[in-house]
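Chains F and X supply the protein sequences, listed in that same order.
Each position in the first sequence, counted from 1, maps to that position plus 2 in the numbering used here.
Each position in the second sequence, counted from 1, maps to that position plus 1143 in the numbering used here.
Check before you lean on any hint, since a few could be wrong.
Claimed, not checked - Here are some chain F residues pointing at chain X (derived, C-beta under 8 Å):
1) Phe18
2) Ser47
3) Lys53
4) Leu66
5) Leu79
6) Phe93
7) Val98
8) Pro99
9) Leu106
10) His107
11) Gly117
For the record, the hints were derived by calculation from the structure and aren't laboratory data.
Virtual Cβ for every residue (Gly too), placed ideally from N, Cα, C.
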Amino acid sequence: MFKKKVTLKILALLVFSDILETAIHFFFKKSVLSQSGFQVTGLASAVVFIKTAFASPFLWAGVLTVICVFVIWSTILSRIDLSVAVPIASFSYILVPLVSIIFLHEQISALRWLGIIFILFGVILVSLSSKERVS
Amino acid sequence: MQPNLFLILFLIALTSLCDTINQLFLKSTIDALKPPAFNIFLVLKFIWGLIRTPKLWIGFIFSVISLCIWLFVLSKSDLNFAFSADSMHYIFIALASGLVLKERIGRLRLIGTAVIIIGIILVSLK
């Protein structure tokens, strides 16, 4: 099945969902930051882990943002193919590492940046392949 | 470096798989409904239509499972690593788009997916 190509409106929605997507991952990371040493050995400890995470306001901020993104995605996916929408939404591959460095003080090695560039390049190729189909 | 790199990668693959299943349910639910115009009332009506579809809730269960695994992954590894490695969902989505949704997969997309795989390997090396 083939649907309408990407319009400016859809592109704007995709960029907006990118920013929200980045916020989601930041919130979720913050919600479990205090549990980095927690050992999950079985079902009981897994439940304790999840309960502690769900007690964090950051987790609920994340869930709320997920709902926002879901609403936006519902609109996007009704207009264009999943395989077209997903690659364009990949702008967050740059945003998330940047947020990780600035707000979480993580370190990213040169080799990892190279990997990120490969991933981005791959995503661009995937996007181009879907553009090819518009004829 | 993560103490259990392969365990983390396996768990990320598991969340990617759950997410892909969720996306498939979402896509097939939406395809069955009429796409709305960019009008807030029609969009709300469309979302109400989505909520009443059981398929959507099956997808929802998978996304809750995915979230729980994802939270555990995030507690054990850097956000930038986990997020980059999570791009393996492209592999699953390419497979699912071709096999389940019957979308056409071109040669360029296959190459792109291969490049993403190389990227994931590089990111995992640290």
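Quiz prompt | chain X contact restraint on Ser47 of chain F - CB to CB distance below 8 Å | solution = This hint is violated: Ser47 of chain F lies away from chain X, its Cβ roughly 11 Å from the closest one there, beyond 8 Å.
Exercise. For the hint on Lys53 of chain F, just tell me whether its beta-carbon gets within less than 8 Å of chain X.
Key: violated (11 Å)
Practice problem: Let me know if the C-beta of Leu66 of chain F comes in closer than 8 Å to any C-beta of chain X, holds or violated. | Solution: Hint violated; Leu66 of chain F Cβ to chain X Cβ min 13 Å, cut 8 Å.
Quiz item: Hey, does the Leu79 of chain F contact hint survive, CB to chain X under 8 Å?
Solution: At 5 Å from the nearest chain X Cβ, Leu79 of chain F passes the 8 Å test, so the hint holds.
Practice problem: With a cut-off of 8 Å on the beta carbons, see whether Val98 of chain F makes it to chain X. | Solution: Since the shortest Cβ distance to chain X is 4 Å, the answer is holds.
Exercise. With chain X as the partner, please determine if Leu106 of chain F meets the hint condition of a C-beta pair closer than 8 Å.
Key: holds (6 Å)
Practice problem: Have a go at the Pro99 of chain F hint: is there a Cβ in chain X nearer than 8 Å to its own Cβ? | Solution: holds (4 Å)
Quiz item: If you take the shortest Cβ to Cβ gap from Phe18 of chain F to chain X, is it below 8 Å?
Solution: The hint is violated - Phe18 of chain F has no Cβ within 8 Å of chain X, the shortest such distance being about 14 Å.
Practice problem: Return the status of the interface hint for Gly117 of chain F: holds when the least beta-carbon distance to chain X is below 8 Å, violated otherwise. | Solution: holds (3 Å)
Quiz prompt | Hint validity - His107 of chain F Cβ closer than 8 Å to any chain X Cβ | solution = violated (10 Å)
Quiz prompt | Agreement of hint Phe93 of chain F with chain X interface, Cβ distance less than 8 Å | solution = violated (13 Å)
Violated hints for the displayed structure, listed by number in ascending order: 1, 2, 3, 4, 6 and 10.
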